[in-house]
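Here is how the chains run, residue by residue.
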Amino acid sequence: MRIRSQSNFWCGLLFAALGVTVMILARDYRIGSAARMGPGYFPMLLGALLALLGLTLTVPALFRDGPAFPRLHLRPLAFVLLGIAAFGVTLEYLGFVLAVAALVVIGGLADPDLRPVEIAGVALFMAVFSVGVFAVLLGMPLTLWPAL
Amino acid sequence: MEILSNLAIGFGVAVTLKNLAYCFLGVFLGTLIGVLPGIGPVATVAMLLPLTFALDPATAMIMLAGIYYGAQYGGSTTAILVNIPGESSAVVTTLDGYQMARQGRAGPALGIAAIGSFVAGTIATLVVALFSPPLAEIALKFQPADYFSLMVFGLIGAVVLARGSLRKAIAMVVIGLLLGLVGTDVNSGVMRFTFGIPALTEGISFVALAMGMFGIAEVVYNLEQRGASRQVFGSRLGSVLPSRADLAQSAPAIARGTLLGSVLGILPGGGALLSSFAAYTIEKKVARPPRNFGDGDIRGVAAPESANNAGAQTSFIPMLTLGVPSNPTMALMIGALMIQGIQPGPQVMSQRPELFWGVVASMWIGNLFLLALNLPMVGLWVRLLAVPYRMLFPAILVFCCIGVFTINNNVFDLFQLVVFAGIGYVLLKLGCEPAPLVLGLVLGPMMEEYLRRALLISLGDPTVLVTSPISAVFLLAAVLLLASIAIPTIRAKREEAMKE
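So the sequences go chain by chain: A and B.
Every letter in the first sequence is one number past the one before it in the working numbering, and letter 14, counting from 1, is 14.
When you read off a place in the second sequence, starting at 1, and then add 148, the result is the number in the working numbering.
Misleading hints may appear alongside valid ones.
What the hints assert, rightly or not - Taking CB as the label site, the calculated pair distances span:
1) Ile-151(B) / Phe-63(A): 51 to 59 angstroms
2) Phe-279(B) / Arg-2(A): 49 to 57 angstroms
3) Leu-630(B) / Gly-95(A): 30 to 38 angstroms
4) Glu-502(B) / Phe-63(A): 53 to 61 angstroms
5) Gly-32(A) / Gln-488(B): 51 to 59 angstroms
6) Pro-60(A) / Gln-488(B): 43 to 51 angstroms
7) Leu-52(A) / Ala-620(B): 21 to 29 angstroms
8) Asp-113(A) / Gln-499(B): 50 to 58 angstroms
9) Glu-502(B) / Trp-10(A): 28 to 36 angstroms
If you are wondering where the hints come from, they were derived from the structure by calculation, not from laboratory data.
Built from N, CA and C at the ideal position, the CB exists for glycine as well.
Based on the sequences and whatever the hints tell you, model everything.
Right, here's the structure in full:
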């Protein structure tokens, strides 16, 4: 059978899977009764609703034309997310200044037109600027440098 | 005249040196961040939220409201000068605004946007002051079942008025509600969906989610659109003051935009986005003579800009009186109130009149600052926008990360940001709008609690939702809204209105 709308088909399947997963997880919590709702009652209800909604997307996608599967561009996404994660890790161990630099440099790679001199300039500017604004002006308790 | 004494209380709170200063600071920072391409009010408010933590509740709300208007106007500036709407409500402004800029009339376009926004803001402030007290009065009588149904109505309204597929939007709401349940259940103390991660016991970081889906996902999306022509038309800015003829032509457009925005802003899912789209569509139909739209007609800027500001303002009504957010920005405001230890709802007006009326009064003051700030400072925004995006976006990322981190001073929130940015990007690609999800996230725990109480009172009988008259009306309205979409002509209209 041909899938007429790839996007809706997989989107619906994703929702349905999510709904079923929620229902399975919610079995660990007490369901209770309507008059005495347990912690599992509402999630179970929502999980079922989500699974049904998923099916209303997936099933018609087999018969009716709709949007095709979108093109994903992985480079910008990967570097931006990596940059944020690097900011988090660096901030924890090496302090705020290096974290800002790491974010700008790694995140900057998301744009293929990257020019090293510009990115270095932005990194320096942002480090000085954010320390000035957030640490000095606003007095936020940030660890600026790695503890030696 | 009770409203006068109320407004007097409000101005008494708002016109103190401290609150004026924070209002001004909010408007300024909001505009500054909002001008950055691809950063809309939600991301701006989320980013600047930590700045308000140390303030008392009234001052914090005043500053946040200022940030909101500032971001809104900043988005319009970007729309006019570089054809990139900072957020969806500025999309229609790009149509005529950017054309005006290309014709060397960026100045009058920015000027009329500021003037229209100010007029709309002034009138919408009065609407808020007039309509909130009676609404809060009614809301005080609501039972749990009524609240539950009100939220159902609000969410359905948000979905119906949103863009794109209805089924996907409803699914987004449900996922949002589920995400809202992550953390410790208040009634049983059971940890739900925390997967043994201690940091999740307090629930999902609202700011990380909003920032990931509205800020970071948007940055990634913009990076993909590279190569699209992006040229700043600011070198020939000209005078920002519109000519007499411009003003005469725009006045009726501003009036219509204001009226429409004030009404639509109150609706769930309304606010700035719907208002600006509707205002542009209507303006195109009724404006006489009807030439030039899409080709640099000043009315095509005046009407949606007035409408989105009026809508932004009146969307505070359901938030302040019912505690129900009508758009993601209001959801953030509710989050901010809760951080301040205030449970939003109809009792806020009676218990904290100084907070309520102070915010209302500062709305008008904020609009005044907006006008005073933007007409002289347009040159600065133009220079900021001349910086190439490849150098701007790393700076945007830094601001987003600092904003998220400083909410709790917790690195774990940054990893949540990574996760939600990734999810937000995929959802965007699949044609799922993030706004309904964010509303669901805020309303999730509240809806569960009201449903629990409603069913507890009725001894488990679910018909309580339709036997209580108020609740029945809300549910009926929700059903009618859903049904209306199924009618082909209305469906076609909805798609047409959202397409522009």
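Comparing the hints with the structure gives:
With their beta carbons about 57 angstroms apart, Ile-151(B) and Phe-63(A) fall inside the hinted range of 51 to 59 angstroms. Hint check: Phe-279(B) to Arg-2(A), Cβ distance near 54 angstroms, so the stated range 49 to 57 angstroms holds. Restraint check, Leu-630(B) to Gly-95(A): a C-beta distance of roughly 53 angstroms breaks the suggested window 30 to 38 angstroms. Glu-502(B) and Phe-63(A) have their C-beta atoms about 60 angstroms apart, which keeps the hinted 53 to 61 angstroms range intact.
At roughly 33 angstroms, the beta-carbon separation of Gly-32(A) and Gln-488(B) lies outside the given 51 to 59 angstroms, and the hint is violated. The hinted window of 43 to 51 angstroms between Pro-60(A) and Gln-488(B) holds, with their beta carbons roughly 46 angstroms apart. Between Leu-52(A) and Ala-620(B) the C-beta distance comes to about 24 angstroms, which sits within the given range of 21 to 29 angstroms. In this structure, Asp-113(A) and Gln-499(B) meet the distance hint of 50 to 58 angstroms, their C-beta atoms being roughly 55 angstroms apart.
The hinted range of 28 to 36 angstroms is not satisfied by Glu-502(B) and Trp-10(A), whose Cβ atoms lie roughly 52 angstroms apart.
Violated hints, in rising order: 3, 5, 9; the structure is consistent with all others.
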